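Engineer: Given chain A, put chain B in place with the hints provided.
Residue numbers (UniProt numbering), protein chains in the order written: chain A, 1 to 253; chain B, 1 to 229.
Calculated from the structure, these hints are not laboratory results. Take the hints with a grain of salt, since some may be wrong.
Now the in silico label distances, taken between C-beta atoms and shown as ranges [to be verified]: (1) B:Ile209 - A:Asp240: 46 to 56 Å; (2) A:Leu239 - B:Thr178: 46 to 56 Å; (3) B:Gly112 - A:Leu239: 33 to 43 Å.
Note that the structure is a prediction, hence the values are computed from the model and not measured. Glycine included, each C-beta is placed from N, C-alpha and C at the ideal position.
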Amino acid sequence: MKIGRMGDQVIAFVCLLSIWWVIASLVSSPLLPAPADVFSALNKEWHEQRLLESLLVTLRRVLISFIFAMLLGGLLGVLMGRFRLVNRILDPILIILLNIPALVVIILLYIWFGLIEVAAVAAVIINKLPNVAVTLREGGRMFDHELEEMSIMYRFSFRQKLLHVWWPQLFPYIMIATRSGLALIWKIVLVVELLGRSDGVGFQLHLAFQLFDVATILAYSFAFILVVQFIEWFILQPLDRNATRWQKGAGNV
Amino acid sequence: MFEFNLEGLELSDQKILAALNFKLNPGETHCLLGPSGSGKTSLLNVMAGLKQDNTVTSTKGESKHQHHNQWLPRKPDIGYLFQQPRLLPWRTILQNLQLVEPDKETVLRMLGEVRLQDYADYYPAKISLGMARRVALARCLLLKPELVLMDEPLTSLDPPTAREMRRLIKRLVCDHPTRSMIYVTHNLEEALELGDTVSVLGNTPAEVIYSNSIDNVSREELETLLKHS
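Just chain A, with the same shape it has in the complex (with noise of 0.2 Å):
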């Protein structure tokens, strides 16, 4: 018989959430409850919306970053692939954005900027622009250079050459970076919301983390991967797959 992806991946969470279980069991602690708690939890959240109302708040956080450390890292990259001189100026600029630890941009900026929701989302920014940079780099230097002569020759518009010829040769590195991207970014606004924001998923885990209530805790930590997850089935891989299409195993025409 045959199962489809969507199964394999029940039957992991399935697998997963039983040995759990029989875990928490055994050690039988309030610090590691079991899935019914956790449950519980979640419910309890939801019922006093405080659940969704964090989540609205974190994911349009997330979102507003997400954009801008795409809109920004995309066209330095490309433009650092494409351009040796603006690779040779960005480069160091790039290495130490890299190296920097979110923490310290995220302080700095709450010290310099106050308690804000700018600093906040800047924050997040800053952290992720520069991987996005770093991937969009090499698409920029992977442009097939046989193709950019074929538009010149048959003289593309600069809006067919983005269409057509530099966006789709962009796009295998823009969905890596939007993948990486939003685990990451979520992350970081976690963060950031713990120390300076007064609401979000953050701003809860940090309540959650003074009493110790490890099933609120968790039950945040699923909430917002499960939001994550339905980002990734109904909107990255049906991209994906239209963005397939061409290739040789797929369908016939």
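Structural biologist: This is chain B only, laid out in the frame that chain A set:
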């Protein structure tokens, strides 16, 4: 009549081409013969105006910058058929052609000319090399060029496919009353079948070592030249 003048071409400090001069009448097909690596493709690129990396075309000492227009009296409208089809793999055949000519009717008619009307919605990965070359030919002709540059368009095709492609080129380009062509090849048979005039490229840096109209060409002479160059 178009005239092309080149003082020479250097690629990364190596002189590839010596001084060259070509004259081309409207409707004339000029076959450029030469062994592999003799600089034929570089010459076509310069003619097409494609910038070569690390290239300077030196003009007698005074400046080492690219000569802007080596064509007289003006640069013709050029359609360049590369050796590889260079289709955009992520666009269908129809979409590829519509980037050059937006009018769908015209594109479909041209696809009919190269007998690919049934493949309009296929992606390039799904068709054979011979078919992709025909698509590239159609794209080249959609530009309605005054001059067609062809870089060994029959390489790595099996004999029947190559024959078919040669027939198409003859019908759509050679038999066109005003369309000129420079056809680069290392195959003597192709040159003799398609060309009105023939020249042979040889030596390093490459220069024209033989040039004649097809009626006065002696086959033996060409064979000897190609063997020794």
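Engineer: Taking 33 to 43 Å as the hint, is the beta-carbon distance of Gly112 of chain B and Leu239 of chain A inside that range?
Structural biologist: holds, 35 Å
Engineer: If you check the beta carbons of Ile209 of chain B and Asp240 of chain A, does the distance land in 46 to 56 Å?
Structural biologist: The hinted range 46 to 56 Å holds for Ile209 of chain B and Asp240 of chain A, with Cβ atoms some 55 Å apart.
Engineer: If I claimed the Cβ atoms of Leu239 of chain A and Thr178 of chain B lie 46 to 56 Å apart, would that claim hold in this structure?
Structural biologist: holds, 48 Å
Figure legend: structure checked against the earlier numbered hints; every hint is met.
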